[in-house]
Amino acid sequence: MGGFLLRKAGAALVVVFLSSVLVFVGVRALPGDPAIALAGENHDPAVLAAVRQEYGLDKPLPVQYVKWVWRALHGNLGLDDRQLPVAHTIVSRIPISLELALLSVLVGMVIGITAGVIAAVRRGKPSDHAATTLALVGLSVPHFWLGLLAIIVFAVDLHWLPSGGYVSFGSDPIGNLEHMVMPALVLGTGLSAVLMRQMRSSMLTSLGADYVRTARAKGLSERSVVGKHAFRNSLITVTTVVGLQLGQLISGVVITEVIFVIPGFGRLTIDAITARDYTLIQGVVLVTATGYVVVNLLVDVVYSLLNPRIRVS
Amino acid sequence: MTGSLRRGTLFVLALAMLGALAVAAVAGAHGTASSSQLKEGGTLTIGLAEEPDALDPTLARTFVGRMVFLSMCEKLYDLDSHLNIVPQLAAALPTVSKDKLTYTIKLRPGIKFNDGTPFNAAAVQESIQRDLTLKGSVRASEISPIKSVSTQGQNAVVLHLSSPYSPLLAQLADRAGMVMSPKALAAEGTNFAQNPVCVGPFMFKDRVAGDHITLVKSPYYYDKSKVHLASIVYKIMTDPSSRTQALRAGDIQVEDRIQATDVPTLQKDSGVSLIKSVTIGYQGLTLNIGNKNGVLKGYSTLGTPIAKSQQIREAFDDALDRTTINKVVFGGLNQPDCFPIAQSSSWYAAATKGIPCNLHADDAAATKLIKASGLPTPITVHLLLGGTDPVNARLGQVIQAMEKQVGINVVISATDFTTSLNTATNGQFDTYAVGWSGRVDPDGNIYGFNATSGTLNYSGYSNNKIDYILNGARKSLTTKSRDTLYNAALKILIADRPIIYLYHPVYYFGVSKNVTGVQVYGDGLIRASFAAYTK
Chain A
3 MGGFLLRKAG AALVVVFLSS VLVFVGVRAL PGDPAIALAG ENHDPAVLAA VRQEYGLDKP
63 LPVQYVKWVW RALHGNLGLD DRQLPVAHTI VSRIPISLEL ALLSVLVGMV IGITAGVIAA
123 VRRGKPSDHA ATTLALVGLS VPHFWLGLLA IIVFAVDLHW LPSGGYVSFG SDPIGNLEHM
183 VMPALVLGTG LSAVLMRQMR SSMLTSLGAD YVRTARAKGL SERSVVGKHA FRNSLITVTT
243 VVGLQLGQLI SGVVITEVIF VIPGFGRLTI DAITARDYTL IQGVVLVTAT GYVVVNLLVD
303 VVYSLLNPRI RVS
Chain B
2 MTGSLRRGTL FVLALAMLGA LAVAAVAGAH GTASSSQLKE GGTLTIGLAE EPDALDPTLA
62 RTFVGRMVFL SMCEKLYDLD SHLNIVPQLA AALPTVSKDK LTYTIKLRPG IKFNDGTPFN
122 AAAVQESIQR DLTLKGSVRA SEISPIKSVS TQGQNAVVLH LSSPYSPLLA QLADRAGMVM
182 SPKALAAEGT NFAQNPVCVG PFMFKDRVAG DHITLVKSPY YYDKSKVHLA SIVYKIMTDP
242 SSRTQALRAG DIQVEDRIQA TDVPTLQKDS GVSLIKSVTI GYQGLTLNIG NKNGVLKGYS
302 TLGTPIAKSQ QIREAFDDAL DRTTINKVVF GGLNQPDCFP IAQSSSWYAA ATKGIPCNLH
362 ADDAAATKLI KASGLPTPIT VHLLLGGTDP VNARLGQVIQ AMEKQVGINV VISATDFTTS
422 LNTATNGQFD TYAVGWSGRV DPDGNIYGFN ATSGTLNYSG YSNNKIDYIL NGARKSLTTK
482 SRDTLYNAAL KILIADRPII YLYHPVYYFG VSKNVTGVQV YGDGLIRASF AAYTK
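Chains A and B are the protein sequences, given in the same order.
Under my numbering, the residues of the first sequence are numbered 3 to 315, in order.
Under my numbering, the residues of the second sequence are numbered 2 to 536, in order.
FYI, nobody ran anything at the bench for these hints, they're computed from the structure.
Here the structure is a predicted model, which means the values were calculated and not measured.
Backbone N, C-alpha and C fix where the C-beta goes; we use that ideal spot for every residue, glycine too.
Be aware that a few hints might be false.
[What the hints assert, rightly or not] Okay, the calculated bits of chain B under chain A, using three or more residues with CB under 8 angstroms as the criterion: (1) 48-56; (2) 137-144.
[What the hints assert, rightly or not] Taking lysine-lysine and the BS3-like style, the derived pairs with C-alpha atoms no more than 25 angstroms apart in a straight line are: (3) B:536 / B:227; (4) A:61 / B:206; (5) B:298 / B:40; (6) B:536 / A:61; (7) B:136 / B:148; (8) B:101 / B:476; (9) A:69 / B:101; (10) B:113 / B:206; (11) B:293 / B:277.
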């Protein structure tokens with residue numbers, strides 16, 4: 003077991019190192035001189051030279067890389083264009099995006115699974131057609147359009163919800179939920195459409211299976227047949243689909259955060275790239291890459307604990 | 002006071018007062034409620050179109066950052082609604098020596114920084130010296146003629162210049178004139194931006210990167226009675242549609258620079274009023290005449306038709322219908338023009354006197370010029386757009402359609418703004434659609450783009466006569482001589498066309514109807530320090 007963990011940890015370190023090189027080189031491959039972007043309207047050569055010196059852009063690439071990595075290992079990801087610590091900014095943004103993603107998954111699952119069950123149980127009936135049509139709309143409509151529409155209806159016209167922004171749960175739980183309802187609904191819509199179709203399909207398969215026929219033959223109520231037997235078995239496939247959809251959800255988080263002005267990690271990434279804020283881009287991408295590697299490592303460890311054959315092989 | 006000093010004082014007074022004569026269209030203000038109708042307290046939320054960079058006057062580079070500074074960092078001088086330079090922390094306009102090398106600035110007494118420490122000559126001296134010497138200072142080049150700063154007691158500073166420099170006062174009415182608390186500078190050093198302290202109606206409270214900046218009412222401000230709000234929150238809202246919806250929903254009370262397509266919607270919204278600001282900036286087409294190797298790296302022609310031939314450049318200009326461009330691309334919202342100086346500026350009339358400006362296309366003249374050039378048509382010209390948004394796309398397409406009428410084939414390439422700046426700096430373009438946010442002093446709109454040593458001279462234009470005239474205008478302190486010089490310069494520049502000026506941007510700002518006292522002058526900056534909610 004120890005050897006297995008060491009091998010996995012070693013591989014993870016190599017991946018993180020390669021990611022750091024890739025992000026370092028990749029950021030510098032972006033078109034446009036960052037000094038010009040950072041200098042704003044003032045292109046005085048002295049100012050550009052000072053900007054390059056301030057951000058270490060005048061040093062050879064290997065020197066820049068080593069300095070950056072050394073500081074990063076000590077938790078110092080440098081200062082961004084606003085002269086604010088990058089590490090602090092990133093750490094404060096991640097929970098916000100996580101909250102949005104989790105709420106969206108929750109919304110997607112509740113709506114999608116419920117609609118899928120109803121559609122399957124009432125197959126061929128108007129409610130089935132309605133649910134299927136809504137799923138198609140949910141899959142087709144882009145997030146940004148739906149978001150703006152939701153803002154116009156619920157914030158501008160009805161004044162039911164704020165148009166955007168964020169309030170932390172700790173400081174104001176009700177305010178937090180008020181601000182997150184629309185973004186979570188918008189983002190969860192796409193996921194709910196996929197889950198609805200998957201759930202419907204799984205339920206139909208389950209409802210046609212022998213064990214369900216047997217359960218009915220035994221005299222169990224339809225509620226029990228659907229709820230206890232068919233539904234539970236259908237959830238396995240749906241859960242797998244949720245995992246597969248997470249990647250798309252994360253890209254949706256970025257767009258949603260921009261539309262709803264949520265200070266999340268996704269919006270931070272976009273702003274950093276647009277502003278050519280090298281320090282911030284590097285920090286964001288490195289944290290993202292490291293996060294993926296750590297999560298994968300944990301999954302491998304848990305998997306190996308659950309399945310000894312994995313450790314041996 | 003000696004005779005020469007009195008004359009010097011009169012020159013400066015005349016310069017400053019005539020320097021930006023009253024023009025009605027420049028300033029926009031929202032609401033003029035009487036004090037009894039004003040509520041005390043409340044938070045005003047302003048949705049900004051971009052995020053300010055460092056909140057450090059020495060290092061700050063962004064246009065939008067100046068809006069935040071207006072509320073928390075007063076300057077030696079400021080602009081009034083007619084763009085006249087007026088004293089703010091200074092007690093009066095400076096006294097200038099006869100040789101124009103010494104500026105004596107008297108300061109207002111009894112003022113405190115927002116940390117309670119006294120504002121005095123030593124503080125001003127320290128701020129200006131920091132601007133001149135701090136590594137990475139963006140202000141140094143703006144006030145480079147200042148060679149030293151001394152004090153005269155507690156309430157006067159003396160600036161010693163290496164050469165006369167007439168735009169100096171305008172620079173002291175911007176970030177170079179902001180005075181930072183010495184105590185805060187000592188405590189924060191180069192991290193001043195994380196906790197800035199100046200003199201201002203509001204003081205810095207906190208900042209969440211990419212989200213908001215919060216200022217709270219200062220208990221130290223010398224004119225507290227004029228401040229009604231408890232706090233101002235600058236919210237970063239880069240998506241223009243989200244910003245407009247937030248204003249309509251009441252989540253923000255002031256919207257920065259409404260996009261053109263949202264203006265008609267907001268005009269019909271009964272809960273919102275609009276402030277129109279005809280800016281002192283311009284938008285135009287920079288033509289690459291001599292920038293082959295990069296800005297300031299020795300100019301040489303690219304050899305393209307546009308670069309080699311003044312006739313072709315004139316034809317290109319003649320084919321453009323500025324009125325139609327404004328109507329089709331911007332819904333008629335901007336101000337078409339042929340000059341870099343805004344029509345609202347007091348410099349405009351004299352500087353443009355006798356120089357024709359045809360806002361409509363003259364296809365016959367353009368075609369004639371192209372025929373006379375002997376070049377086979379169509380002549381291919383590449384147009385670089387500094388943005389991939391629909392507005393830029395429309396601008397490119399309209400220009401392309403207009404030039405096609407006269408035998409010029411415009412090939413459009415669009416890229417993001419930062420990349421386009423880089424491309425232009427390296428001289429890798431034929432024509433480039435770009436603008437400038439504008440400065441009160443005409444030097445700020447002309448020198449950097451047209452002088453051989455101009456750091457923004459993407460065109461690579463180099464003309465000894467223009468250099469001589471523009472340098473002379475910098476050294477001259479009388480309005481009359483500067484008027485003459487800028488008129489002479491513009492006659493040459495409009496003929497040579499390193500830049501074809503198209504229009505002056507007109508910005509629209511939205512304000513909730515329950516808020517009064519928000520102002521926007523021709524510099525396009527939101528002024529909300531003395532705003533208030535109405536009862």
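- Task: If any of the earlier hints don't hold here, list their numbers in rising order.
- Result: 4, 5, 6, 9, 11
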